[in-house]
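Using our numbering, you'd call the opening residue of the sequence shown number 1 and step up by one each time.
Errors might be hidden in some of the hints.
Stated by the list, open to error - When the alpha-carbon atoms are kept at most 20 Å apart in a straight line, the in silico SDA-like pairs for lysine to any residue are as follows:
#  : residue 1 : residue 2
1  : Lys173    : Leu227
2  : Lys28     : Pro185
3  : Lys245    : His260
4  : Lys548    : Asp286
5  : Lys68     : Glu86
6  : Lys198    : Phe358
7  : Lys68     : Leu551
8  : Lys231    : Lys245
9  : Lys62     : Arg401
10 : Lys143    : Pro120
11 : Lys69     : Glu43
12 : Lys245    : Pro116
13 : Lys351    : Glu367
14 : Lys257    : Gln234
15 : Lys173    : Gly202
16 : Lys140    : Lys69
17 : Lys245    : Leu393
18 : Lys143    : Ala63
19 : Lys70     : Ser60
20 : Lys82     : Thr96
21 : Lys222    : Asp74
22 : Lys140    : Glu42
23 : Lys70     : Thr36
24 : Lys220    : Lys231
25 : Lys267    : Asp286
26 : Lys70     : Lys82
27 : Lys198    : Pro185
28 : Lys245    : Pro185
29 : Lys351    : Leu331
30 : Lys267    : Glu24
31 : Lys7      : Pro116
Claimed, not checked - Ranges of calculated distance between the beta carbons of each label pair, as one might list FRET restraints:
#  : residue 1 : residue 2 : range
32 : Gly253    : Lys222    : 24 to 32 Å
33 : Asn274    : Thr32     : 15 to 23 Å
34 : Asn71     : Glu217    : 48 to 56 Å
35 : Asn407    : Gln92     : 52 to 60 Å
Just so you know, the hints here were simulated from the structure itself, not pulled from any lab data. Each residue gets a CB set at the ideal place from its N, CA and C atoms; glycine is no exception.
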Amino acid sequence: MEFLNNKMQYLIAGAGPSGVTAAEALRKHDPTSSITIIDGEEETPYGRMALPYFLTGQISEKALRLRKKKNHFDKLHIECLKDRVEEISPKQNIITLNDTGQLSFDRLLLATGSIPINPPIPGVSGSNIHHCWTLDDARKILKGLGQSTEVVLIGAGFIGCIIMEALSLSGAKLTVLEIENRMVPRMMDKAAGDLIKKWCLGRGVSVLTSTRVIGIEDYKNKKTVILENGKTIQADIIVVATGVKPNTSFLEGSSIKVDHGVIVNNKLESNIQNIYAAGDVAQGPDFLTSGWSVHAVQPTGVEHGRVAALGMTGQEINYRGSLNMNVLDTLGLVSCSFGLWEGIEGGQQVKRLDEENFRYTVLNFDEDRLIGALLVGRTENIGVVRGLIQTSLRLGPWKDRLMVDPNEIVAAYIESTTAYSHIHMFRKSRRKNAAIRENLEDSLQKSPDKIRVSGSNKEEKVPIGEKIKSLDIDELGDPNIEKIKIRLKLYAMLSKYLPNYAEKNEAVLKIAVKTNVQSILEAYNVPNEYCHLVLVNGHYAAPSERRKIILKEGDVVAVWPPVAGG
Numbered sequence: 001m002e003f004l005n006n007k008m009q010y011l012i013a014g015a016g017p018s019g020v021t022a023a024e025a026l027r028k029h030d031p032t033s034s035i036t037i038i039d040g041e042e043e044t045p046y047g048r049m050a051l052p053y054f055l056t057g058q059i060s061e062k063a064l065r066l067r068k069k070k071n072h073f074d075k076l077h078i079e080c081l082k083d084r085v086e087e088i089s090p091k092q093n094i095i096t097l098n099d100t101g102q103l104s105f106d107r108l109l110l111a112t113g114s115i116p117i118n119p120p121i122p123g124v125s126g127s128n129i130h131h132c133w134t135l136d137d138a139r140k141i142l143k144g145l146g147q148s149t150e151v152v153l154i155g156a157g158f159i160g161c162i163i164m165e166a167l168s169l170s171g172a173k174l175t176v177l178e179i180e181n182r183m184v185p186r187m188m189d190k191a192a193g194d195l196i197k198k199w200c201l202g203r204g205v206s207v208l209t210s211t212r213v214i215g216i217e218d219y220k221n222k223k224t225v226i227l228e229n230g231k232t233i234q235a236d237i238i239v240v241a242t243g244v245k246p247n248t249s250f251l252e253g254s255s256i257k258v259d260h261g262v263i264v265n266n267k268l269e270s271n272i273q274n275i276y277a278a279g280d281v282a283q284g285p286d287f288l289t290s291g292w293s294v295h296a297v298q299p300t301g302v303e304h305g306r307v308a309a310l311g312m313t314g315q316e317i318n319y320r321g322s323l324n325m326n327v328l329d330t331l332g333l334v335s336c337s338f339g340l341w342e343g344i345e346g347g348q349q350v351k352r353l354d355e356e357n358f359r360y361t362v363l364n365f366d367e368d369r370l371i372g373a374l375l376v377g378r379t380e381n382i383g384v385v386r387g388l389i390q391t392s393l394r395l396g397p398w399k400d401r402l403m404v405d406p407n408e409i410v411a412a413y414i415e416s417t418t419a420y421s422h423i424h425m426f427r428k429s430r431r432k433n434a435a436i437r438e439n440l441e442d443s444l445q446k447s448p449d450k451i452r453v454s455g456s457n458k459e460e461k462v463p464i465g466e467k468i469k470s471l472d473i474d475e476l477g478d479p480n481i482e483k484i485k486i487r488l489k490l491y492a493m494l495s496k497y498l499p500n501y502a503e504k505n506e507a508v509l510k511i512a513v514k515t516n517v518q519s520i521l522e523a524y525n526v527p528n529e530y531c532h533l534v535l536v537n538g539h540y541a542a543p544s545e546r547r548k549i550i551l552k553e554g555d556v557v558a559v560w561p562p563v564a565g566g
């Protein structure tokens with residue numbers, strides 16, 4: 001880290017969550033060097049995933065900003081340059097901008113995000129056809145929306161479903177068209193996609209799956225959407241949400257290796273020294289597969305920004321990779337997918353469908369480790385599922401119990417982590433009595449929900465969900481052997497029993513002003529789709545409710561897991 005003694009020139013191409021987070025982290029680790037963010041939009045840096053809330057009127061343009069204070073970047077001595085990158089010359093450490101010309105750099109971060117895919121449909125580039133990818137797109141859509149507006153949404157993937165809710169709440173007459181045989185096909189299986197479709201139909205949204213659009217034509221003051229089956233649909237506005245792709249076209253001929261995205265190592269550095277990539281544009285380490293993947297979600301973008309900044313400032317880092325995860329709120333029905341949700345060859349899978357109550361659970365295992373999951377309508381399990389996958393916790397006998405009833409996932413988590421803590425602490429003790437060690441481990445594995453309390457000759461059931469005080473655990477052997485003290489802290493929801501790992505891994509935000517929960521999370525850079533468990537004074541706050549819960553001075557918001565790197 002000797003270079004930190006000399007002033008560096010850091011350039012960041014992109015002003016989304018990755019770029020902004022990286023700039024702030026760079027300033028934290030390098031207080032004096034030059035940092036410039038190159039922003040391709042004229043707007044103040046904002047969050048794209050919040051645009052649907054802007055369409056519904058739930059938030060203002062000001063609330064879209066990634067950082068609320070106007071002088072935020074000025075105070076950090078970070079320059080924001082409104083321009084677009086046209087070309088990169090790695091050998092000369094120079095980038096060429098559209099208006100400004102050439103800039104030199106010592107370290108460059110590519111955080112240019114994604115761009116929407118324009119489907120090969122004749123007429124798709126005409127008037128009153130929008131992508132809802134930029135703030136300007138959202139303004140144009142909002143201007144044309146009304147109670148009697150006929151809107152066609154092409155695409156029912158993750159982004160399409162987020163936009164769909166906003167369009168539906170506007171009072172418009174909405175028709176959704178999806179070319180695949182189910183909704184959100186890249187994050188849900190057929191049963192889950194069909195369940196979401198049924199939910200939408202029940203709320204007045206027309207959804208047509210397995211439907212291909214072959215053309216769009218003007219008809220008087222409207223648009224005519226032509227389907228492959230010969231039918232047509234009239235529309236005042238068409239919104240296209242057929243997916244996104246990494247914004248890498250400006251890298252052609254630069255010698256920077258690009259596959260689906262910019263290929264980076266475990267420091268998020270590309271094949272060219274001193275050039276890094278983060279967020280949607282980066283094809284980085286995958287936590288579960290040991291390969292490289294593009295995870296185009298905001299949590300990964302924020303995480304990448306912090307990791308890249310560490311690498312750019314010479315910190316030692318070995319990033320384990322991002323987790324494939326998506327959390328979606330579709331007209332009030334929350335669904336999510338984590339990790340290898342389709343399973344693996346040789347693995348085991350269990351499914352449980354409650355169609356009447358719109359609940360669906362899929363768990364995928366590799367031996368006794370959870371590696372992937374789908375959840376629909378079960379928000380209380382989101383934090384637990386993510387925790388089990390990211391910790392690679394061995395479930396032992398609980399895996400077989402989950403194969404019978406996957407809805408026991410919370411109990412499995414609590415009891416498996418408790419048993420693991422006993423065994424782990426015991427192994428780290430200085431006891432050398434192998435017989436006693438075997439006795440303890442065998443007892444805990446056979447009955448993980450029971451412990452022997454010091455000074456007692458009977459086993460006592462651990463009350464799941466309660467805060468358990470410090471207990472003296474007898475070693476189940478010679479009473480003369482020194483006892484091991486294990487402090488068990490289970491932070492649980494009042495009714496859902498969702499624990500944290502430990503107090504130090506819980507981010508607690510103390511409220512000093514009257515505001516809503518989501519505003520507080522955004523202020524701490526925790527996006528709504530981050531898959532975090534959020535408790536308000538001990539009560540679970542679902543993603544769809546966080547803007548409705550008004551906090552008062554003295555309230556406490558607990559977030560688990562904490563923001564990566566925070």
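Against the earlier hints, flag every one the structure doesn't satisfy and list their numbers going up. Failing hints, ascending: 2, 4, 5, 8, 9, 10, 14, 16, 17, 21, 29, 31 and 32.
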